[in-house]
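Asks: Heads up: the protein sequence lines correspond to chains D and H, in order. Residues in the first sequence are numbered from 1 upward in steps of one, following the working numbering. Residues in the second sequence are numbered from 106 upward in steps of one, following the working numbering.
A portion of the hints provided could be inaccurate.
Claimed, not checked - Computed Cβ-Cβ distance ranges for the label pairs, DEER-style: (1) H:Pro220 / D:Arg102: 50 to 60 angstroms; (2) H:Leu229 / D:Leu61: 35 to 45 angstroms; (3) H:Thr245 / D:Ser67: 58 to 68 angstroms; (4) H:Ile231 / D:Ala96: 52 to 62 angstroms; (5) D:Asp9 / H:Asn222: 22 to 32 angstroms.
Think of the hints as simulated: they come from the structure by calculation, not from any bench. Predicted model only: the values in this text are computed from it and were never measured. Glycine included, every Cβ here is placed at the ideal spot set by N, Cα and C.
Here is how the chains run, residue by residue.
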Amino acid sequence: MKSLEQLTDSVFYIMAALTEPRHGYAVMSLIEETTKGTFVVGPASLYTIIKKLVAEQLIQLHDDSDSRRKVYVLTDKGREILLEDIERRKVMIHLAEQGLQRGNI
Amino acid sequence: MLDKRYMISDGLAFFEERDMKKLSKKAAKGWHLKRFRFACYELEKGDSEEVIYNIDYRKLRATEEEEYFELFAYGGWTHVCSSTDMHIFKAAPGTTPIYSDAESSLDKLNRLAKPVNLVASVALAITIFLWIFMTFTSGTIQYIAQQGLTYSFIFTVPAVMTSCGVYYHMWKNLRLRSKYE
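With the rest of the complex left out, here is chain D:
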């Protein structure tokens, strides 16, 4: 998976939502609510990404007692990757914020 080194926004949002056990449907609504609908993940994209993350062992099945709503959660490896990507994103934001502050003086 190419996006492993650099998570795409969709993958990042999904992994962020799965820091706590959630089913796919809850992941979708959490992203929609948090971003006030400015970022929406389509069902086929979500399903594809969940399957990939499971295959890459970044998330794992937490509870499959309800086959309609399988619950997933981040693995330790997934946590590590997410933390790395948070740092990468922080650098971007830091650069932009500092630049803007200096520009204000």
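Start from chain D and add chain H according to the hints.
Replies: Just chain H now, kept in the frame of chain D:
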């Protein structure tokens, strides 16, 4: 008047979007997709409806089906019909597309490419084999090979074109992606 009608696909590999738009237009006129098989959509007469259609290619295990269709339902997409590993959904205009990012829609094309390329390679191999046979034999065998070659084109040409179609979309997709990144 018959309440059933058929619509021939223009070839999903090349014209997936065009097919889906045509289905939307038909639905607006009251002809709704009922099922599809091979390259043929079966439409049924009903009330006029404003809907958009999307198609997904995915091999689903029995244990995966419920979760898969549930996600689509939650995303606003109603499952219309499936044929082998192809699934067609409909939704109200303006619904987020089933594929919302470039990365996973490229994965969709990769999944589609596998069986398509397999069929194209087998068809191409048979054609080449028949052609070699035709060139190096004579008499009845040559005649049979010649006839076989003619018929094999009926399969090989569309199969290879379908393959090209998939690659064309992949290339388009990659170009789009590099534009946004």
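Asks: A separate judgement is required for each hint: does it hold in the structure or not?
Replies: Hints versus structure:
no. : hint                                    : verdict
1   : H:Pro220 / D:Arg102: 50 to 60 angstroms : 56 angstroms, holds
2   : H:Leu229 / D:Leu61: 35 to 45 angstroms  : 41 angstroms, holds
3   : H:Thr245 / D:Ser67: 58 to 68 angstroms  : 60 angstroms, holds
4   : H:Ile231 / D:Ala96: 52 to 62 angstroms  : 59 angstroms, holds
5   : D:Asp9 / H:Asn222: 22 to 32 angstroms   : 31 angstroms, holds
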